[in-house]
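S.K.: In terms of the working numbering, the sequence shown has 20 at position 20, counting the first letter as 1, and numbering is strictly consecutive.
Just so you know, the hints here were simulated from the structure itself, not pulled from any lab data.
Be aware that a few hints might be false.
Each pair of labels, with its calculated beta carbon distance range [to be verified]:
{"#": "1", "residue 1": "I158", "residue 2": "L125", "range": "56 to 66 angstroms"}
{"#": "2", "residue 1": "I158", "residue 2": "P127", "range": "49 to 59 angstroms"}
{"#": "3", "residue 1": "R5", "residue 2": "N178", "range": "23 to 33 angstroms"}
{"#": "4", "residue 1": "F104", "residue 2": "C11", "range": "15 to 25 angstroms"}
For every residue, glycine included, the Cβ atom is placed at its ideal position computed from N, Cα and C.
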Amino acid sequence: MVRRRGIISTCLGVMFGVAVLMCYFGLHYLEECPIREEIPLYLLVGGSCLLLVTAMLFCSHAKLMGDNEHREELEMIATENAYPDSSQANFRFSSKAARNMKIFLVVAYVLWFFLGNYWVFSVYLPPFSQPLRSPTPQKFCEQRVYMFALMQIVLTHIFLGCFLLIALCLCCFFWHSNA
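Turn these sequences into a full structure, and let the hints steer you where they fit.
M.R.: Have a look at this one:
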């Protein structure tokens, strides 16, 4: 159980770090990619969305860990409550609202991620500086912002591929062990 908590906390920490870096690169280089102005915007909006998702997942994770550690105390407080369940109804509502918000943010992030894939790969390896006497001004993208967006997308694809491969292997293992 402790190991699982550590893995989840580490994953959330990495997600938080990636989200902060996405926001930083998107905001810092907002005007530095005129060949495809959407790339820094992709990083800024995607990073903000990922930051919200990570914060909500971290709160859920912390609440679950706190509930497990103090379950007896919470049950005792709940049984002492002599009033009708209006507070529990509010808790259920806020819990459902939080779950729906997480789902909405994850779906929005996934759609934004695929849109970012299109924007980044549509100008694959653009010129990284503006030539002095260029007949086509504004056809470049700052190297740092473009390479960060490209690496973020490629590493996300690699991570998702590994995750799906592990999930498929686990499903096959459990399916064969039950048969």
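S.K.: Please go over all the hints and tell whether each is borne out by the structure.
M.R.: Okay, the hints, checked on the actual structure:
no., hint, result
1, I158 / L125: 56 to 66 angstroms, "19 angstroms, violated"
2, I158 / P127: 49 to 59 angstroms, "27 angstroms, violated"
3, R5 / N178: 23 to 33 angstroms, "28 angstroms, holds"
4, F104 / C11: 15 to 25 angstroms, "21 angstroms, holds"
Taken one by one, the earlier hints fail for this structure at numbers 1, 2, listed in ascending order.
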